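Using the sequences and the hints given, assemble the complete structure.
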Amino acid sequence: MLSLGKIDHIHIRVKDAAVALKWYQRVLGLAPDARYKTDGEHNAAMLVNASGSVRLAISEDPGAVSGAQGAVAFVVSGQDFLEWIDRLAGERVTNREGQTIARDSVHDHRFFCALSFVDPFGNPFEIVSYDHTWLVGKLKLGGHLAV
Numbered sequence: 001m002l003s004l005g006k007i008d009h010i011h012i013r014v015k016d017a018a019v020a021l022k023w024y025q026r027v028l029g030l031a032p033d034a035r036y037k038t039d040g041e042h043n044a045a046m047l048v049n050a051s052g053s054v055r056l057a058i059s060e061d062p063g064a065v066s067g068a069q070g071a072v073a074f075v076v077s078g079q080d081f082l083e084w085i086d087r088l089a090g091e092r093v094t095n096r097e098g099q100t101i102a103r104d105s106v107h108d109h110r111f112f113c114a115l116s117f118v119d120p121f122g123n124p125f126e127i128v129s130y131d132h133t134w135l136v137g138k139l140k141l142g143g144h145l146a147v
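Sequence positions in the sequence shown follow UniProt numbering and run 1 to 147.
The set of hints was computed from the structure by calculation and includes no laboratory data.
Because the structure is a prediction, the values reported are computed rather than measured.
Take the hints with a grain of salt, since some may be wrong.
Taking CB as the label site, the calculated pair distances span [unchecked claim]:
1. 71 x 100: 12 to 20 Å
2. 63 x 133: 17 to 25 Å
3. 43 x 112: 34 to 42 Å
4. 71 x 91: 16 to 24 Å
5. 79 x 43: 34 to 42 Å
6. 52 x 100: 25 to 33 Å
7. 61 x 8: 14 to 22 Å
8. 112 x 10: 15 to 23 Å
Beta carbons: idealized from backbone N, C-alpha and C, even for Gly.
Quick look at the structure:
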């Protein structure tokens, strides 16, 4: 049976590529992937994490509608999840409602925890951890169930 391997990259359309590239590098720790060159035919900048397991293709589109696509979700360990909360809070990153990310921004989905936020252009992202039981104890999430 024919099947897909893994996600290669995700396209993110933004109104200002320069601002977006700086934000993704500073906040998410992504760096330009030297293997991909921006040219006339391929005007997307490819950003990658240190291990090469996450790649975002950032392309400038002045007509891009903020937050129009579904969220991009990244999975991390429980400990890393806690560190991401602090990093996003320190960067004053907000959720769709414009509230700054904090520990009370975590959604308990019964078997995983999620933290939803947006980039400066309204593109939605999530950081997810399946270390649910450990996180519920650390964050004292009793009864904070998301729908």
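Taking 17 to 25 Å as the stated bounds, is the beta-carbon spacing between residue 63 and residue 133 within them?
The hint (17 to 25 Å, Cβ to Cβ) is violated, given that residue 63 and residue 133 are roughly 45 Å apart.
For the hint 34 to 42 Å, verify it against the beta carbon of residue 79 and that of residue 43.
38 Å, holds
Outcome of range test on Cβ distance (residue 71, residue 91; 16 to 24 Å)
18 Å, holds
Has the hinted range 15 to 23 Å been met by the Cβ atoms of residue 112 and residue 10?
20 Å, holds
Assuming the hint says 14 to 22 Å, is it satisfied by the Cβ distance from residue 61 to residue 8 or not?
20 Å, holds
When you take the CB atoms of residue 71 and residue 100, is the distance between them in 12 to 20 Å?
18 Å, holds
Is 25 to 33 Å respected by the C-beta to C-beta distance linking residue 52 and residue 100?
31 Å, holds
Whether the CB-CB distance between residue 43 and residue 112 falls inside 34 to 42 Å
36 Å, holds
The structure fails to meet hint 2 from the earlier list, while all remaining hints are met.
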